[in-house]
Every structure is written in structure tokens, then in C-alpha cells.
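Under the working numbering, the sequence shown has 315 at position 298, and the numbering climbs by one with no breaks.
None of these hints come from the bench; they were simulated from the model. Everything hinted at is true.
Only pairs whose alpha carbons sit at most 20 Å apart, straight line, appear in this in silico EDC-like list of lysine to aspartate or glutamate:
1. Lys62 to Glu346
2. Lys227 to Asp49
3. Lys227 to Glu213
4. Lys330 to Glu108
5. Lys351 to Asp61
6. Lys265 to Glu213
7. Lys351 to Asp313
8. Lys30 to Glu250
9. Lys326 to Glu108
10. Lys30 to Glu206
11. Lys219 to Glu250
Pair by pair, the computed Cβ-Cβ distance ranges are:
12. Thr204 to Pro273: 23 to 33 Å
13. Glu328 to Arg138: 24 to 34 Å
14. Thr357 to Pro228: 29 to 39 Å
Don't be surprised by glycine CBs; every beta carbon is placed ideally from N, CA and C.
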Amino acid sequence: MAGNGNDIEDDPKRVLIVGPGAAAVTLIDAVDCCGGQAFSIPLDKERYGTSWANQGAQGASFICHHTCTMSARQGFHANPVHLQVSSGPNETFWNNVFPTQLPSCHQNEVKRMAMVLELMRWLEVFFVPLPIKAGTSNATPEAPAAMLERLCTSPSYGMWYPTDDRVPSLLRFYETWRKDLVSRGVTVELSIELTEVVVRNKHGMALGPKPRTPVPDAHKAVGGDPNAPVSEEVYDGIILCYLADTAKRVLGRTAPGRKERVWGSLKALRELPQGRPAIEKLNGVDQASRLSFSVDSYRPMQCIRIYAKDESKLAMYFDTTNYQYQFPERVPFKQHAFQTHIP
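Let's have the full structure, built from the sequences with the hints guiding it.
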């Protein structure tokens, strides 16, 4: 190729993408299906009213618009939902649908928290490596403070008030997407685990992939097939669609110092609350409409349990029957399907 009278090198490059959540040249994944942590599991239709449920990923806020767009292009359209949250029993109960006593009792702390979040937003770059020391979902207290700030202040990251999109069958979507990519000349290699990046410099990189034995449910624990032979392949570039701690482990000593510090602050871990306080008004604002709505329409989807002995720890559960659209509208409570981040 020539441009402005100068010869420009335009040789094709070999690029490896680990984790088929994105579309590109060569894709590998350690499990036997695409989607990573976003996949579907079979259910007993006679008991639960549907033959499948999405595991791991229940829905998506606006920040995941790329995934929803690609899903629609493959013929799978998301369904909107207003996420309903329930946390804690009795006097510690609160939710995002109707008013309760707990937020009212801590109005001053809530105001101070809003001021702190505003400060963190202006000085966000300094808070990225700082832990919040308060666990959220499946993350430990070591999660970056900036993550909490984004969840509370960003119009695209926020979970509870913006409308979420309930995604369709992830297994069918990612398999359809995989076939589409293969038809376009993309190489997709499943059950291949990247163990490490051996060398990484301006000339390219040497990678250490190894095969893994597929299992019936298509998923296998990290570190499976420890005796499988590790080969070495050379690429010009690599894109890691990984959790931060996994990316840090795979890159090892080849990780950039700045990214290693940020990734090092992220560490992932592998009784439903009920209550209904009687509040007619809160801070002089008529809450009748919210209370009226909650009588027949309050269907908690995300449920949080606080441990009384250590309130810095919590367990998060999903009422999958209330959350995912493929379930019947009304199902007896004993036939609800639940998921949790806690093993």
C-alpha cells in the first residue's frame, strides 16, 4: 500500500481474543461453549414453568448495550424490566419500590454519603486503587471505591432505577453468534485454556494455551486438566475478555505496572428477606401510590441477606422466577427458582 509517496507496511497481524464475549479474529475459551460466565442451564419445565434459565447474568443495564445490540442482530431481543430489590428482614428491611423505616432513620448518613460520592466522582482517578471495605454482591471488601461511586452516580452503570434489559437464552444467543462468526472466517476454539503470557513486547507475544476435556454441562472449574500439555503460540496482539484478577494471573510478570496495581485491588469470590412496614408518608411526601403499587406488584428479583454477626458481609440471591421473562407470570412460591453468588 502506498500513501503520500511513502510505502506503508500493511501485513496482516495475528490477534488472539480470550473469552468469546467479543467478535474478532481468533477466539478461544476454556469451556466448551461461548459466553464465559453468561450461559444457560436446563430446568424441569413441569416444576418451574420453563425449560431453561440464564445463569450468572440475569439482565443488563445500559452499560451492556453492546451485548444487547449484538443479541438483537442475531434475532434475540431483550425484554425491559424495572429491577426490584429486597434487603434485610424486620427493622433492617429496605427496598427500591416503596418507602421503609431504615432509610428514614439514616437520612443524615445518606446525605453525607451523597457528598462523599460527589467528591469521589471529581477525584475518581485517585480512588480507583482504594478499596471500599464494604462488600457488594460477589466482591470482597477489596473492591475499588470508584466502582461503588460509578454504580451510584453513573446514568449508564446504575442498576436499580434505570430500566434493565432481561436477556434471552444466552446459550442459544452465543451459539448463534459463534456460527455467524465462523461463517465470516473467524476461528473459534473452545475447551482451550490460556495458562500464561510467556513473552510480551513490541515485537509480539508468546502464549501458552492448553486443551481441556469437555464436560456434559460445558463448564469446568478453573485449573481443570492440570496434566494437559501446554503448547506455545506466537501472536502480534491479544485481547483478554477476563475478570481483572484472572487477567492479572494470566499476564503474570508481563502485566504493565499501572494495570497490575489496579487489577490487584480486585478480588472475586466464588433465607429470603421479607417485610412490609406501614408508612403513609415519608418526609412529608405522599407515598400512597408507591404503597398501593407494592401490594400486588412487589415481586423482589434481587434479594440481599446481611449477616448479623458481621454486617460488612452479605449474600446476594436472585429470584429467577420473578426476574427472567420466560417464566409464567404467576408461579407458587415453592416452585420459584433461585440463584446465588455464594457457593
